[in-house]
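Chains A and B are the protein sequences, given in the same order.
Per the numbering used here, residue 254 is the first one in the first sequence, and the count goes up by one each step.
Per the numbering used here, residue 254 is the first one in the second sequence, and the count goes up by one each step.
One should not assume that every hint holds.
Which copy is meant is left open, because identical chains are indistinguishable; a pair holds if it fits in one copy or across any two.
In silico lysine-lysine, DSS-like type, Cα no more than 25 Å apart, as pairs [to be verified]: (1) Lys372 - Lys408; (2) Lys693 - Lys408; (3) Lys408 - Lys371; (4) Lys372 - Lys693; (5) Lys371 - Lys693.
FYI, nobody ran anything at the bench for these hints, they're computed from the structure.
2 protein chains.
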Amino acid sequence: MSGDVVTELVGELGEGAVVTSRAAMESYRRDATTSTQPGAPLAVVRPRTTGEVQATMRWASRHGIAVVPRGAGTGLSGGSLAVDGAVTLSLDRMTAIVVDPDTRTAVVEPGALNADVKKAAAEHGLWYPPDPASFDLCSIGGNLATNAGGLCCVKYGVTADYVLGLDVVLADGALVALGGKRVKDVAGLPLLRLFVGSEGTLGIITGATLRLVPAPAPASTLVATFPDPVAAARTVVAVGRRLRPSMLELMDGSAINAVEDLRSFGLDRDAGALLLIRSDAPGTARTAEVAEVARICDEHGALTVFHTDDADEGELFAAARRAFAGAVDRRGTVLHEDVGVPVPRLPEVLAGIRDIAARHGLDIPVVAHAGDGNCHPLVVYDASDPDSVARAQAAFQAIMRLAISLGGTITGEHGVGRIKAQALPEQLGPDIMALTRRVKDALDPQGILNPGAVL
Amino acid sequence: MSGDVVTELVGELGEGAVVTSRAAMESYRRDATTSTQPGAPLAVVRPRTTGEVQATMRWASRHGIAVVPRGAGTGLSGGSLAVDGAVTLSLDRMTAIVVDPDTRTAVVEPGALNADVKKAAAEHGLWYPPDPASFDLCSIGGNLATNAGGLCCVKYGVTADYVLGLDVVLADGALVALGGKRVKDVAGLPLLRLFVGSEGTLGIITGATLRLVPAPAPASTLVATFPDPVAAARTVVAVGRRLRPSMLELMDGSAINAVEDLRSFGLDRDAGALLLIRSDAPGTARTAEVAEVARICDEHGALTVFHTDDADEGELFAAARRAFAGAVDRRGTVLHEDVGVPVPRLPEVLAGIRDIAARHGLDIPVVAHAGDGNCHPLVVYDASDPDSVARAQAAFQAIMRLAISLGGTITGEHGVGRIKAQALPEQLGPDIMALTRRVKDALDPQGILNPGAVL
Chain A
254 MSGDVVTELV GELGEGAVVT SRAAMESYRR DATTSTQPGA PLAVVRPRTT
304 GEVQATMRWA SRHGIAVVPR GAGTGLSGGS LAVDGAVTLS LDRMTAIVVD
354 PDTRTAVVEP GALNADVKKA AAEHGLWYPP DPASFDLCSI GGNLATNAGG
404 LCCVKYGVTA DYVLGLDVVL ADGALVALGG KRVKDVAGLP LLRLFVGSEG
454 TLGIITGATL RLVPAPAPAS TLVATFPDPV AAARTVVAVG RRLRPSMLEL
504 MDGSAINAVE DLRSFGLDRD AGALLLIRSD APGTARTAEV AEVARICDEH
554 GALTVFHTDD ADEGELFAAA RRAFAGAVDR RGTVLHEDVG VPVPRLPEVL
604 AGIRDIAARH GLDIPVVAHA GDGNCHPLVV YDASDPDSVA RAQAAFQAIM
654 RLAISLGGTI TGEHGVGRIK AQALPEQLGP DIMALTRRVK DALDPQGILN
704 PGAVL
Chain B
254 MSGDVVTELV GELGEGAVVT SRAAMESYRR DATTSTQPGA PLAVVRPRTT
304 GEVQATMRWA SRHGIAVVPR GAGTGLSGGS LAVDGAVTLS LDRMTAIVVD
354 PDTRTAVVEP GALNADVKKA AAEHGLWYPP DPASFDLCSI GGNLATNAGG
404 LCCVKYGVTA DYVLGLDVVL ADGALVALGG KRVKDVAGLP LLRLFVGSEG
454 TLGIITGATL RLVPAPAPAS TLVATFPDPV AAARTVVAVG RRLRPSMLEL
504 MDGSAINAVE DLRSFGLDRD AGALLLIRSD APGTARTAEV AEVARICDEH
554 GALTVFHTDD ADEGELFAAA RRAFAGAVDR RGTVLHEDVG VPVPRLPEVL
604 AGIRDIAARH GLDIPVVAHA GDGNCHPLVV YDASDPDSVA RAQAAFQAIM
654 RLAISLGGTI TGEHGVGRIK AQALPEQLGP DIMALTRRVK DALDPQGILN
704 PGAVL
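Isolated chain A, as found in the complex:
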């Protein structure tokens, strides 16, 4: 039966678009989470056009077959893990990018990599700011599905702030072209906004019009070390009251050492924590902003404060920060947290995470997009040891509960995916969950779009 069903799809799209051998499907089963086992997909569909995506959804609706959309598989919440008997719809072949300098926009396909969009924009003296740490590897489609953030957000916002238009294929195969190249548009309900961050549960994004901005001014990069993460966090709170640096990142001592174990970046292994701060204010304002930031660091107990106006040197520090997740991966199996809190609660959440780590006997290195209160504690454990697994799961839940208790969120930018779906009702409560279910049912009555993700 299932064989006939797949044959029908191959008949529509051609053999080149449908992968059915177990060996060939293997590389489409996982995302970047290591803690959850993926299912066995029925087939992997690799469309080349929006029309092929529509045909796939019409076929899926007809037969009630679930569809898991997939970008580059770099997700950190299990959002594109293969599901038993479902089809994984990989957008990796749809990679077109067209920059329009007159409207300062880029029209892109979902499989285009974030880094490639940045390169194309730069060729015209323009910039696409959203920069998840994985920007070299991740797809725009994945960024849109999760409303990805990055290191730039404290000043430049998140992916959703850059979306002017979306082409979305709905569960039944209908195509809606939302928005366009116009900057302001309130015609009708804000449906465009409903899809960015909907993690593939409401529709499949097959095209996007992204807003670009002029290339930023050259930046100065400041690195300050602290005796402990809480002192660094208090500094962040003070900076946030008055300034808007273009980057404001935190790394704790464990994170610093994980990264230095990977490669020598020149970070201080003995520091309890460091802050990585950037200013791209134009001209003399940049010097003034760096001086103000340095002063605030000193006031809050910084051990050392260093800054550079050299772009390459500044990039090395950013690279060290971006190397974090990969560096920690070498230590064991990892559960990725993505909790967010209002910025003034940052000291409390960091102290709380440290307590949870101690209570559960675990190594939980932490980095944070501190300027927007978004932390990435990584719970490291031994997947072959049931006791370690149990302690890690308990710590994972405890950290999310801590964030909620501080008026925060269980996920600031990675998405709920599958690994946090159970914790979502605790944060949102029954009324929002009921509303969510109503919206989901309205757009996907059969429940075939990414089942198990979010809800």
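Starting from the known structure of chain A, fit chain B onto it as the hints suggest.
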């Protein structure tokens, strides 16, 4: 029967919250449109708390009575016009504003005026940027319902960009508390974004957490005159390719004269058009930006270019721009357009509006938030002359059709309301209209929330 129904509500909320005399209800029937006659409301409800809003919606659901939400009644698209037999729910008594400088947020009630939020923020050295021309008079609730824009948008974005949290009462009276003081949050579907700009058709906003930013740097204001609007528009396109001024407004000759007829602002009555441009870049960057803008104006045929670093002098020019709608109101009855086009199409849409005015023998003065392609042609006519009315209606439709043909929108910031609802399907097409209907039905199955607006 209806008397009993209202008595029931008075019993629940008390007489102070429910207005039933025709005389007292009169001032709640209209908004700022003069072209459409409002209906006769069953009652006007003026809640003091979220609980009273919930009680009202439970009562309305129980009896199938429609509810028209209302802020300050300054809307320009008929969105809060009273509907026969419906209840107008005025949020004007819910005006609380609490600024939290540590999180750089303001928690506000929907009846709070935009100007009062700005004042409260300023007391803490902070700023709430969205500035519709009516900001002295309009409510935050109305701003949220329409995703209001203003003169600041070219650099500072729209209302939706400043919403971190919303309390929304749904059609059945349930309360959902979406978002909060955290800056980044992707937990669950982006429902927060669904309500901003939904024009009271999906729920009643009873509270909002707004993002504030540090007060802007002092600004320089530049005014350039041109022989005609198309030359000014070409200048805007050139500026937009590389710069992001903090304001970029256009006024055509007819608009200039309408404003000067109201009061002497010192604008050049003989100019075919003028551009009002501001830069709040910090320090020396501002001087450079002003010089660059002046150069571009000269290159594109500016007759005069003048700039001032004096804040009060600069504000006078902005005040002249903001006086436009009130000034045109003196000329006759007005149909307010709010079309938006991609910025490179600005010259074409202005030329097209001029042609439409000529073809229909009408006076259609134009201003524009030119930096984001959003124009406000005001169609002036004599409501007592059926021929004038017919020509005005035809011109109104023609302008919207022109915008759509240029890849634009029928409404950039005012909302669809009631006066543009008929044109919406032409812009969105049947697939988006079907999707819109599905979302609307999921949230408001009885269709009691602002019937006739948007859909």
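Structure-based check of all given hints:
For the homomeric pair lysine 372 and lysine 408, the shortest alpha-carbon distances inside one copy (21 Å) and between copies (24 Å) are both at most 25 Å. For the identical chains of this complex, lysine 693 and lysine 408 are neighbours neither inside a copy (32 Å) nor across copies (34 Å), given an alpha-carbon limit of 25 Å. In the homo-oligomer, the alpha carbons of lysine 408 and lysine 371 lie at most 25 Å apart both inside one protomer (17 Å) and across protomers (21 Å), since each shortest distance falls under that limit. In this homomeric assembly, lysine 372 and lysine 693 never come within 25 Å of each other (Cα to Cα): the closest approach is 36 Å inside a single copy and 40 Å across copies.
In this assembly of identical chains, lysine 371 and lysine 693 lie within 25 Å of each other by CA distance neither inside one copy nor across copies; the values are 33 Å within and 37 Å between.
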